Each structure stands twice: as structure tokens, then as C-alpha cells.
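Asks: Residue numbers (the numbering used here), protein chains in the order written: chain G, 5 to 326; chain F, 232 to 307.
One or more of the hints may lead you astray.
With a straight-line cut-off of 20 Å between C-alpha atoms, the simulated PhoX-like cross-links for lysine-lysine are [as the list claims (entries may be wrong)]:
hint : chain 1 : residue 1 : chain 2 : residue 2
1    : G       : Lys209    : G       : Lys138
2    : G       : Lys68     : G       : Lys150
3    : G       : Lys180    : G       : Lys209
4    : G       : Lys100    : G       : Lys10
5    : G       : Lys150    : F       : Lys268
6    : G       : Lys68     : G       : Lys83
7    : G       : Lys138    : F       : Lys268
8    : G       : Lys180    : G       : Lys213
9    : G       : Lys10     : G       : Lys150
10   : F       : Lys246    : G       : Lys213
11   : G       : Lys10     : G       : Lys68
12   : G       : Lys209    : F       : Lys268
13   : G       : Lys100    : G       : Lys138
14   : F       : Lys268    : G       : Lys213
15   : G       : Lys100    : G       : Lys169
Honestly, the hints are just simulated from the structure, not real lab data. All of these numbers come straight from a predicted model, not from anything done at the bench.
Chain by chain, the residues run as shown.
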Amino acid sequence: MLEVVKPGLETSIQDYPGRIGHWAQGFPPSGPMDAWSFRLANLLVGNQPGAAGLECQFVGPSLKFQRDTVIAVSGADMKPTLDGQAIPIWESVAVKRGQTLALSFATVGARAYIAVAGGIDTEPSLGSRSTFHKAGVGGMDGHALKPGQVVPVGNGSGKAGRRVKPDVRPPIPTDKRWTVEVVAGPNDDWVDEAGRQRFLSTDWKLSSKSDRTGFRLEGPQWTFTGKAYNKAPEHGSEPSNIIDQGYPVGAINLAGQTPIILVNDGPSMGGFINPYTVPSAAFWKLGQSKPAELLRFKIVTVEEAQDLRRSIDELCSERSIV
Amino acid sequence: MTEEVLTQVPGNVWKVLVKPGDKVKPDDVLFILEVMKTEVPHVATQAGTVAAVHIGEGQEGVDAGTVAVTIGDHSP
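Only chain G is shown next, with the shape it has when bound in the complex (with noise of 0.2 Å):
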């Protein structure tokens, strides 16, 4: 058990892969941004990969213990200190009952994730623990942590003082640029060959209107083939509207002009062309990046995205801890 002090910044209860096989009826997948970061920590202190953890968003929670544990915080640097005392991260720790764990706000990275030892044990909701507060589902009482809760921990025996090897870290970039992979559609060819050389050419800055629904990108003017003017009245007045559709998890989502990028709590359907996707293997970069921050995109095919996918996942294993 782990008493809440402070929550953090909407800090939630996240499992992997999360919430699947409910899109049809509008329930995203949830679970951790930066997956990879998030299954390192479990296996760090001998869970599943997929085990219930925290997701901590810029500024960091502070929990106190209720018995002794293992423990290990990866991902974002939030400069975790245990009573005080400042604490590595990407390595398992040994907590005493009584202990206060406290994360200050995120120096490198956005995103810091913390693995207990038995993973967290509240109840499952559609199969996950993930947090998906739009619904009120999941997590302690379907929302972020709030200030007193005693969130369950299950029975583990983690062992203190493993570590993740340096070279199988996500590579958080220190000077606020990253390339993003997408892949094209399903509605690029409503984007005439300007806007997609425009899109795949420009630095588009991340809004600090962004969280776990959309990122939101702010950057030049989109312009369309006739598919966007020449169609029937039931699409809607702008060039970007189109008949309700499914929308792909990680689609570059165009509304009016501006490009929302739907990620892990994102909306399953609605009214906008998604001329591009960002595949799963690149969610991590979005989870790390912090407002102001420019995002690059690079095309892949959906071969390359799926090879992108198995390297993270190999990485995601006991073969990463030393």
C-alpha cells in the first residue's frame, strides 16, 4: 500500500497495452505514453512488463509507504529523492515502511513512470487498470491520484540495485528537436502535394494544449486536392471535414487547420481527415516531448513502423537489466 501525500500533475495508474479491445465502443487504449520507459521500470523490479505502475506528468507526486518494497522510477528525470535523500533512476531501490518517495518536476523528459514491486492492485475495469478519466474508468475511482488515497500494491519480491543498461534507454534529446515517424492516410490524398511536402518539411511546435487526449501542433497552413471542396454537402463546410469516420490510435487529425495528433485517450470517431498516423513505436517520443518543443516528421511504411515496434518491444526485456 501507498499513501498519496501530493499527487503530481495528474499522475495515473497506467498498465500496458492498456485498455484494447473496446475502440468500437469508444474506450481508447489508455495505458503509459512511453511505453518503453513504463515496461523497463516493471521488469526492473521483477514484475510483468505490463504490470498497473504510475504515470507522472511534469511535476512528480510524493507517496509515502506503507511497507517495505522495491521500487524503481524510469523515463522523464524528475530527481526522485527517498526521505530526502536523492535516488537513481533506471534502477531498482529498496523502500522501508514509512518512506516517502518525492519527485520534483521534470528536467530531462516530460514523463516519468514508477514500477512497486507486485504492481499496483486496484481493481480492473474492460480488462485494464489504465486510467481513462474521460470515462471515469479505471485508475482509483476512474481519475488522476488526488491528495490521502491509499492505492493497493500487490506481493512482489523485487530485488534492489538492478539496472537498466545505458545504451537501451529511449534517447530523450537534449536540444528540443525530434523526428517523428508517421505513415501515410487514410486520408492523405485529400492533402494536396504542397501540403505534404510542407507537412514533412516544417518544425511544428508542440502546444503546451496538449495532454493525454491530443497533441496539439502549431506551424503552417494546409492546403488540399479537390477531394476536400468537390464533395457532397454531408461532409461539412471545411476542406478538413469529412462523413464521421473511425479514426486510427496515433492519427494526425486535422481540424480545420490545425493538426491534433489523438493519442493514448484520444476519440475513437468524428468528423476530420487524418492525413497521417503516428505508429505506436514513436509514441514514446511524444510522451517525452514538452511544450515549445518541434517535432520533424519522417514517412515510414507500416513494414518499417512494425519493425520500429519489435525492436522497442526486444528491448523490453530481462536481457535490458544488468
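We have chain G already, so just place chain F on it with the hints.
Replies: Relative to chain G, chain F alone:
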């Protein structure tokens, strides 16, 4: 004693509520950052007079840990 108020989140500066010369007391909101569509207010921890404001409304991409406001002693 001077107090340097640091930004606690990376983000954009949504509002700056004080200017040099203003008197503040503990828990007065000095400025508000925006990240994840969330307002993050930053407060004074001691009484005093605002000596300098180092951030501006609308400023984007401020890092966490940046000195945002300097508060000087109450007495001139």
C-alpha cells in the same frame, strides 16, 4: 532576504500577476504557467516586494527551474 521563485513545470507563461514594486505576502499568486491545458499557479513563499520579473505573458517553452520572479525584503 531575497526569494527567487522558480518555475515548477515546463510550459508557456499564461499570466503574470505582479510587477516590480508590488508588495506580496505568502501564498499570493505571482504568475500562472500552462501545460497540458492545465493552469499551474506559482505563489510567493515569503512577504516582500517584487524586485524583478524575469518572464513575460505569452512566453513559450519556459523550462522548469527557471528563475521567474525575484522578491526582495519588505523594508526598502
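Asks: Give a verdict on every hint.
Replies: Structure-based check of each hint:
no. : hint                : result
1   : G:Lys209 x G:Lys138 : violated, 26 Å
2   : G:Lys68 x G:Lys150  : holds, 13 Å
3   : G:Lys180 x G:Lys209 : holds, 10 Å
4   : G:Lys100 x G:Lys10  : holds, 19 Å
5   : G:Lys150 x F:Lys268 : holds, 18 Å
6   : G:Lys68 x G:Lys83   : holds, 17 Å
7   : G:Lys138 x F:Lys268 : holds, 14 Å
8   : G:Lys180 x G:Lys213 : holds, 17 Å
9   : G:Lys10 x G:Lys150  : holds, 8 Å
10  : F:Lys246 x G:Lys213 : holds, 15 Å
11  : G:Lys10 x G:Lys68   : holds, 10 Å
12  : G:Lys209 x F:Lys268 : holds, 16 Å
13  : G:Lys100 x G:Lys138 : violated, 35 Å
14  : F:Lys268 x G:Lys213 : holds, 5 Å
15  : G:Lys100 x G:Lys169 : violated, 26 Å
Hint compliance for this structure: hints 1, 13, 15 are broken, all remaining hints hold.
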